[in-house]
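Put together the whole structure using the sequences plus the hints.
If you're matching them up, the sequences are chains C and P in order.
All residue numbers for the first sequence refer to the working numbering, where the first residue is 1 and numbers rise by one.
All residue numbers for the second sequence refer to the working numbering, where the first residue is 1 and numbers rise by one.
In case anyone wonders, no lab produced these hints; they're calculated from the structure.
Because the structure is a prediction, the values reported are computed rather than measured.
For every residue, glycine included, the Cβ atom is placed at its ideal position computed from N, Cα and C.
One or more of the hints may lead you astray.
One-sided and incomplete, this derived list gives chain C residues near chain P with beta-carbon spacing under 7 Å [claimed, not checked]:
1. F162
2. A168
3. I170
4. L216
5. F229
6. T276
7. S481
Take a look, some chain P residues computed to stay more than 12 Å from chain C by CB distance [claimed, not checked]:
8. L20
9. I180
10. D186
Pairwise CB distance ranges (calculated) [unchecked claim]:
11. P:P609 to C:L478: 52 to 62 Å
12. C:N124 to P:P3: 49 to 59 Å
13. C:L478 to P:I641: 36 to 46 Å
14. P:K34 to C:D59: 52 to 62 Å
15. P:Y693 to C:T459: 51 to 61 Å
16. P:W633 to C:L298: 28 to 38 Å
17. P:L692 to C:I46: 48 to 58 Å
18. C:L460 to P:W633: 50 to 60 Å
Spelled out from the first residue to the last, the chains are:
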Amino acid sequence: MAEDVNTSLLGLLPEIILLCTAAVVLLMGLARRDVLRRLTQWTAVIGVIVAFVAAYSNDVQSHTTALGTFLTLLTCGIGLLLLFSAWEMPFAMDPAHTDRHYRGEFFAMLLCSLAGVSMMAKVNNLIWLFLALELVSIPTYIVVATGRGQSEAQEAGIKYFFLGALSAAIYLFGFSYLYGFSGSTQFSAITAVFQSDISRHQLPWMAILGLLLVLLGISYKIAAVPLHFYAADVYQGAATPVTAFLSFAPKAAGFVAIILLLGLTGWHFSSGPDVTIPALLTVMAVLTMTIGNVLALLQRNIKRMFAYSSIAHSGYILAALVAGPALVAGGGWAHDGVAAALFYLAAYSLMTVGAFAALIYMQGKADGAEDIDDIAGISSEHPMTAACMAICLLSLIGMPGTIGFLGKLFIVQADLSTGHWILAVFVVVNAAIAAAYYLRIIAAMYVREPWTPSHVRTTLAPRFAAALCAAMVIGFGLAPSRLLSDIRHAADYMAGSSGTVRLTVFKGRAKITSHFPTGSFGRGRRSSLLTDPLAGYARRSRLAGDQNSCVVKHEFIFARPLKKDTAWSTARLLPPSPVLERNPAVVALRMSARLIVR
Amino acid sequence: MLPGLSIMQSVALIPLFPLLAALIITLSGARVLKSRSWMPAVIGVAISAVLALSLLVMFQRRNLVGVQHLTIYHWISSGGFSIPIGIYVDPLTSLFLAFVTFVSTLIFIYSCGYMQGDYGYFRFFAYMSLFVFFMCTLVLADNFVLLYLGWEGVGLASYLLVGYYYTRPAAREAAKKAFIVNRIGDTCLAIAIFIIYLVFHTETFSRIFQSNDLKNVGFLAAHHGTLIWIALLLMFGAFAKSAQFPLHVWLPDAMEGPTPVSALIHAATMVTAGVYLIARCMPLFTLAMPVLHLVGLVGCFTAFMAATIAMCQYDMKRIWAYSTVSQLGYMFMALGVASGTAAVFHVFTHAFFKALLFLSTGSVMHAMGGELDIRKMSGIRKVMPITAGCLLIGALALAGFPGFSGFFSKDEILSAAMNASWTWGPLLSVVGLLTALITAYYTFRVFFRVFMGNLVLPATAGMHEPSAFVLPESAHHEVASGHASPGHADHQADAHKPTDGSAAMWMPLIILACGAALVGYLGVFGGANGGGWIQSFLSPVHLLNGIAPPVVITPGTHIPVQAVSTVRVAPALLMGVSSVLVLLGVLVAAYFHWANRRAADAVGAALAPVVKFLENKWYIDELYNYGLVQPLWLLGQALSIFDRFVVDGVVFVIGFFPQFTGYVLKPTQSGRLRYYGIGMIAGVAVVILGVLYLLR
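Structure (structure tokens):
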């Protein structure tokens with residue numbers, strides 16, 4: 001362990017920077033001189049930017065996983081936007097506040113929480129995981145309670161804290177079972193135990209119980225059913241910038257935690273007794289997205305509506321996770337549920353922060369307008385901000401051309417290609433339901449006449465954040481390739497191990513047998529493996545599973561009868577490279593093509 | 001072409017300049033640019049035109065050869081499915097780009113004068129620039145998805161521009177009609193694109209058209225039916241956009257838009273997108289010969305029908321609209337006999353002379369205060385000589401008068417049809433000749449009625465057409481105060497004498513008139529081997545003239561191959577016959593509408609039933625109304641009743657359920673935190689106990 005310290009510390013450089021900045025910001029907020037206090041936000045912004053740059057550097061990247069780098073970059077990027085949205089929290093507006101300590105405290109807490117999110121993907125131990133989760137959560141309890149000088153906020157903070165503590169108890173309880181089952185808190189040790197148990201084709205109930213408790217406990221962080229109750233009250237009670245923060249930080253942390261924990265099991269889903277986990281995830285996904293959307297339909301308070309919509313979006317991401325990771329590293333989008341989940345997480349963060357930033361600007365006062373009527377007709381007065389809001393909302397609906405469309409597309413693709421078509425149907429139907437309440441906001445902004453004169457402040461920061469989000473929502477929607485390759489890289493961390501591909505040619509038909517040692521991933525994955533136009537057009541594929549492995553058999557009928565009747569070849573799958581086609585069936589097809597030519 | 005960029009990169013910028021202009025105008029038109037809104041639009045489209053023309057020159061000088069690709073980036077790439085944003089440039093693309101941007105530039109300049117002082121001046125130029133962007137995208141696309149984007153985009157721009165005078169109910173109705181009728185075609189096109197992906201596993205043109213599958217007998221035999229469906233669906237898509245029977249009904253109504261819109265979108269460019277689509281997909285159509293023949297037959301019928309309708313209309317723009325439908329019919333006739341070159345040639349000449357006719361008509365409309373009824377004016381060449389001269393040239397070209405552009409391109413089509421290997425080709429040609437006679441008649445009917453004879457001006461003469469735009473009350477105020485558009489109020493106040501309009505209006509007319517008179521010669525001279533320039537220019541385009549790939553035909557497969565054309569009638573003889581017919585048409589028109597107008601009324605009275613039939617446009621709108629609209633309306637009513645009583649009832653019950661639940665659960669909300677905690681624990685407990693029960 002000792003030799004690890006230096007390397008792990010270098011890998012944690014961005015988090016260290018964030019925490020140091022938090023300390024500095026805390027002190028600056030307390031400074032006697034007003035000038036210094038005014039620099040608080042700027043210091044926070046600079047800290048986040050430095051952390052971003054640090055995470056980008058090669059030295060740091062080489063000491064952490066791709067998933068870790070991706071999450072840190074996402075956290076710093078979204079964190080920056082959140083800082084801009086929270087630029088003028090109530091302290092600046094409310095003369096009752098002495099402006100002395102709140103400001104520093106608030107931004108320091110935000111930075112601590114961001115550090116926790118950023119650390120999330122770098123943990124390799126259950127204890128670390130717990131610490132990171134709490135590092136995300138505890139500061140949010142504080143900012144919810146203190147971010148707004150109203151009793152509602154304090155009520156929300158108390159609720160959030162107590163229920164959060166309850167959920168922490170639940171997943172900590174689950175950790176104890178995992179420890180009891182594996183005898184270690186180290187991820188690698190737990191994985192090894194899981195692997196050996198998988199090979200014996202059964203898991204002890206203790207492991208299953210532990211996983212269930214952990215998943216349920218963490219579903220509080222992502223506001224998934226059945227631990228979603230708090231969301232509406234807390235979102236509504238908190239100051240709007242804090243609400244925006246809540247819709248990003250705990251959610252990102254929670255989902256990465258779930259990905260890591262499912263990764264412990266090697267994503268062994270479909271066979272054996274551990275079918276419970278995917279079944280639970282499926283039920284949770286369906287309930288979460290449906291309940292979230294249906295309840296959001298009934299709301300007139302925008303923040304409450306966003307709370308329920310945030311629940312619904314968690315459901316979509318859960319639906320992606322059910323599909324599991326790619327079979328082989330670098331697999332296409334169609335198979336990769338983890339990549340789809342990560343992409344959707346990034347997309348959702350952008351869209352929702354953009355919408356909140358626009359809302360913050362429109363509210364005028366941080367605890368001003370919250371009802372949908374209050375922003376009626378605002379487009380005539382603030383066309384640009386209304387347009388940013390509309391773009392983000394359209395993206396939340398999933399309009400083509402925006403990042404939200406791609407996010408939903410990848411989720412649906414992943415589910416369909418792994419045979420979870422029920423989930424795909426639910427995602428699509430729910431997207432349609434969601435359109436109703438998002439469009440209601442757009443209609444209110446553009447079609448209706450204003451009810452009340454708005455008192456909009458002159459501060460530009462939230463407006464800047466909203467414009468930036470809207471630009472990225474469109475930009476990444478139209479040119480996502482860079483983001484996609486980063487995310488795919490991050491998700492490859494979870495991808496299955498290599499397998500073998502065997503090609504047999506017999507009586508003019510080529511049979512390709514792909515053999516994967518890592519267990520199976522549901523009945524699906526057949527259609528999508530075979531999308532190479534080079535292949536023959538009539539084809540049949542079959543999937544057979546045995547105890548330890550998954551065998552995918554494809555049969556091709558080629559336009560021309562093959563000359564050689566029995567030729568076969570076995571190839572070990574090569575590591576992903578841009579030159580080779582990425583998926584095993586395509587590799588096999590290339591081989592078959594070569595055979596035909598010969 | 002541009003410094004620092006490769007040729008293809010510069011080509012990729014062609015659509016972007018108009019897009020940039022549209023963005024600039026949208027963002028700053030209302031408050032900053034105001035009456036200067038034309039500037040970005042004209043500059044943007046002019047740069048595009050220069051680039052497009054230089055591209056044409058590159059192909060001509062053989063600096064570029066064959067098909068060029070540039071993939072700009074991959075929008076979506078997922079497994080085997082990917083949608084690249086890329087451009088596909090060959091001589092066909094380059095020719096379309098060149099005339100689209102060139103004619104657009106002239107029409108934009110014309111619009112500066114024509115639309116001056118109009119409420120929403122900036123909106124007009126923003127929409128027009130958007131249109132040019134989408135049209136260039138459509139033409140440049142290297143895959144069907146991107147083409148579809150352009151296709152929908154031009155439809156959107158057309159909708160916005162037809163409904164430009166949105167305070168006029170007729171304009172709103174026309175915009176909706178255009179949009180809805182196009183929906184039919186767009187749906188067909190979308191389905192065709194889906195099927196194409198299923199069959200070819202790609203959407204990229206080059207990979208489809210040059211794939212080995214299309215030369216593979218086994219593949220063709222297996223997919224023969226599917227290919228027919230693809231071609232059929234593509235055909236319907238093209239028919240809707242290019243206003244062919246029975247989907248032509250939207251185009252005449254679309255004349256509610258401002259006249260430059262009619263000239264640009266509904267005559268010169270957008271409506272030829274259907275021709276472009278079929279010409280581009282000729283490799284697929286040659287594998288579905290029955291569909292191609294259907295294209296020819298429908299085109300021929302449409303050409304004839306629309307020409308007869310045009311004989312008995314009185315609104316100048318409507319006459320030109322029907323004439324557009326008719327000329328588009330000619331183009332599809334050419335495609336039907338697998339002569340893509342003739343079709344594209346006619347698109348090219350038609351763009352010039354029809355834009356010229358519309359813009360001249362616009363000048364008349366401008367001078368006559370929006371009046372277009374040919375019965376209400378006469379002899380106006382005396383007050384607007386330039387317009388009269390330009391319109392005459394346009395009319396000569398449209399009528400196919402020997403020596404003018406329409407003559408050469410129409411003749412190319414007729415001789416291609418006459419000499420096609422298809423048995424019914426000559427029939428198309430004969431109907432085409434008859435249509436040419438009718439065309440000459442109705443074209444010169446307008447000219448002689450309006451421009452010759454004694455000077456008669458309508459009461460509204462001298463007022464400006466855009467003033468017909470009924471403004472909302474507040475906007476009126478704005479205009480009157482001179483805030484939005486200075487000069488508009490002046491137009492209203494002192495009506496002046498009708499004239500040719502400003503230089504911005506008559507200069508483009510003259511340039512277009514030169515084009516309309518001369519571009520036809522490109523089809524006769526300047527090419528290799530003594531042929532026309534256009535034929536040799538387009539010859540590298542893959543399968544444009546439908547010579548099917550060298551397939552080995554085995555018994556049992558039904559793959560028709562276009563045999564070598566036989567010469568039935570010498571082109572020179574055909575030219576002679578068509579010249580005589582055109583002259584005849586002009587003379588008849590001259591007699592009835594210039595020399596002896598009373599005779600026309602007498603003949604009209606004698607043939608009253610026929611005239612009534614034609615005036616009512618073959619009762620096709622009525623047919624739609626009773627055959628389609630009314631039944632659908634009834635169905636809609638029935639569904640609405642179902643909706644109100646059954647669906648709403650269910651929704652009410654469902655909507656009541658959460659409220660009811662809430663009401664029942666209300667007591668539990670009193671001490672909320674406690675109950676939330678209990679809810680969470682209960683949820684966890686249910687799951688855990690359930691799983692333990694199952695695993696027991």
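Hints, one by one, checked against the model:
1. F162: holds (6 Å)
2. A168: violated (12 Å)
3. I170: holds (6 Å)
4. L216: holds (5 Å)
5. F229: Where the cut-off is 7 Å and the nearest Cβ of chain P is about 4 Å from C:F229, the hint holds.
6. T276: At 5 Å from the nearest chain P Cβ, C:T276 passes the 7 Å test, so the hint holds.
7. S481: holds (6 Å)
8. L20: Check passes; 16 Å lies beyond 12 Å.
9. I180: Given that every Cβ of chain C is farther than 12 Å from that of P:I180, nearest at about 21 Å, it holds.
10. D186: holds (15 Å)
11. P:P609 to C:L478: 52 to 62 Å: Holds, at about 58 Å.
12. C:N124 to P:P3: 49 to 59 Å: holds (54 Å)
13. C:L478 to P:I641: 36 to 46 Å: The hinted range 36 to 46 Å holds for C:L478 and P:I641, with Cβ atoms some 44 Å apart.
14. P:K34 to C:D59: 52 to 62 Å: Given a distance of about 55 Å, which is inside 52 to 62 Å, the answer is holds.
15. P:Y693 to C:T459: 51 to 61 Å: holds (57 Å)
16. P:W633 to C:L298: 28 to 38 Å: holds (34 Å)
17. P:L692 to C:I46: 48 to 58 Å: Roughly 52 Å apart at Cβ, these two residues keep to the hinted range, so it holds.
18. C:L460 to P:W633: 50 to 60 Å: holds (52 Å)
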